[in-house]
Every structure is written in structure tokens, then in C-alpha cells.
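Residue numbers (our numbering), protein chains in the order written: chain A, 839 to 953; chain B, 226 to 338.
Rather than coming from a laboratory, the hints here were simulated on the basis of the structure. Computed from a prediction, not measured in an experiment: that's the story for all the values here. Where is the CB? At the ideal position from N, CA and C, for every residue including glycine. Keep in mind that a hint or two might mislead.
Examples of chain B residues lying across from chain A (beta carbon under 8 Å, computed) [to be verified]:
hint, residue
1, Gly265
2, Ile292
3, Trp328
To give an idea of the interface, some chain B residues facing chain A are shown, with a C-beta separation under 7 Å as derived from the structure [unchecked claim]:
hint, residue
4, Pro264
5, Glu266
6, Gly267
7, Ala273
8, Gly284
9, Tyr324
10, Gly331
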Amino acid sequence: DGGITQSPKYLFRKEGQNVTLSCEQNLNHDAMYWYRQDPGQGLRLIYYSQIVNDFQKGDIAEGYSVSREKKESFPLTVTSAQKNPTAFYLCASNNPGLNSGNTIYFGEGSWLTVV
Amino acid sequence: GQQLNQSPQSMFIQEGEDVSMNCTSSSIFNTWLWYKQEPGEGPVLLIALYKAGELTSNGRLTAQFGITRKDSFLNISASIPSDVGIYFCAGSRLMDSNYQLIWGAGTKLIIKP
């Protein structure tokens, strides 16, 4: 099946721990994104990457880090510096451009809870 | 970050009613996208609009790209229980050589029993 796979679906973090959320896509998309969604809220961009070995901060990058060593993978690390990490995290990907209209496709999300 | 003005924030409707929601902006966009998100899942693309004035249907859903390129609406006809969810609009534009995607805050659709 083609698509975007996020894992784990549910993750619990203790105070002071770093955790990493996985995102893999087999759609051959150049760009990948991480969004955060709080309950009842919209999507906020954390980081995005338009090409391998390059990434840019989104609107709420503080307390997060990413890497893009392979085209199909864009892991997100939630560091201990993120003071309120409990949220639903969504990974997405696309091939930006006029022909595609920047249509973006999402994974199924990962729930992170601080315990 | 910038956000589109999406309204209404929530809707309580009876099954069978038609639904209308819209997104507006002071900026011009090249593409308008409409997504639906069900609880605990990622958003799923419903309709993509690529040209000003374009009217596109997907089953009971119809969306239009505003002629000014600053707005879009989504209509759902004869709503059914499985239409429940949060609907997001997104506008895409080219800025500083990068394609930028701006999101609305969502419209929560609730169907009264």
C-alpha cells in the first residue's frame, strides 16, 4: 500500500524525556511536514523539509528537532525543552508545484501524552 | 503564523440538511484544498481547486474557488451521520520561491439525533 506511516500511534513520555516520532512515506514525495494539533484546535506547523538534508522551522519549532537523512523518512524528536508536548502529531508529505497545487497528504497521526 | 478565516466554527444540524462553510483571506491563493478529519485520524483530502471560479463536486460535496482567489466555500447536501467530523480549508500560494500552505481553524460538524 502507498501512503504515509506514522508510529507509534500512542506514546507516553515522562517529564524530562526526549521521544521520537517516526514518519515514513513511500509516495516518492520531495517535501515532508510535521504538524501539531491540540484538542479541538487546528493544525500548527512545527517543521518542514523540501529536500533531503534540508529542513526549516515552522511556526512552533521550539522544543522540537527533526532530521531528513532519507527522502522517505522525517522523524520528529520532542525534546525535554518542549514544556507542553501533550498533543496529536501529524506527519504529511507532497510534491510542491503548480501542477500538484501543493496538495498535501497526511499520516494517521500519533498521540503523545506526558505522564 | 497566518491563518485563514474559516466559518462557522461549529455547526449543529439535522440529518438531511444541507451544510455550507467557507474560508476567506486578505491574500490571494493559487490553490484551495478542503479536508475532513475524523476523531483520532489524519485529515483526508476531499476536494482540490486549482482555478479561480472553479466549481468541483465529489458526491454530495461541492466546493468553489472564489473568483477573487481570496475565498472558497464547501457545501454538503443532504447530510448523513457519517459526515460528522472537522472540515479544514487550506490555501496554497508561492511565496519567496516556496509553496506555502495556510490553514483554516476548522469547522466542526455535529449532527443532531
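Answer holds if the nearest beta-carbon of chain A is closer than 8 Å to that of Ile292(B); otherwise answer violated. violated (18 Å)
Taking 7 Å as the limit, does the beta-carbon of Glu266(B) come near enough to a beta-carbon in chain A? holds (6 Å)
Cut-off 7 Å, beta-carbon criterion: hint that Gly331(B) touches chain A: Interface hint status for Gly331(B): holds (5 Å vs cutoff 7 Å).
Checking hints one by one. Is Gly284(B) an interface residue toward chain A, by the C-beta closer than 7 Å rule? violated (18 Å)
Is the interface hint for Tyr324(B) satisfied, with its Cβ closer than 7 Å to some Cβ of chain A? Since the shortest Cβ distance to chain A is 4 Å, the answer is holds.
Verify the interface restraint on Gly265(B): the C-beta must sit less than 8 Å from at least one C-beta of chain A. holds (7 Å)
Quick one, is the Pro264(B) hint okay against chain A at 7 Å, beta carbons? violated (10 Å)
Hint validity - Gly267(B) Cβ closer than 7 Å to any chain A Cβ: Holds, because the Cβ-Cβ distance from Gly267(B) to chain A comes to roughly 3 Å (cut-off 7 Å).
For the restraint on Ala273(B), tell me whether the closest CB of chain A is nearer than 7 Å. Result: holds, 5 Å to nearest chain A Cβ.
Per-residue hint verdict: Trp328(B), partner chain A, C-beta under 8 Å: Status holds, d = 5 Å.
Of the numbered hints given earlier, the model fails hints 2, 4 and 8; all others are met.
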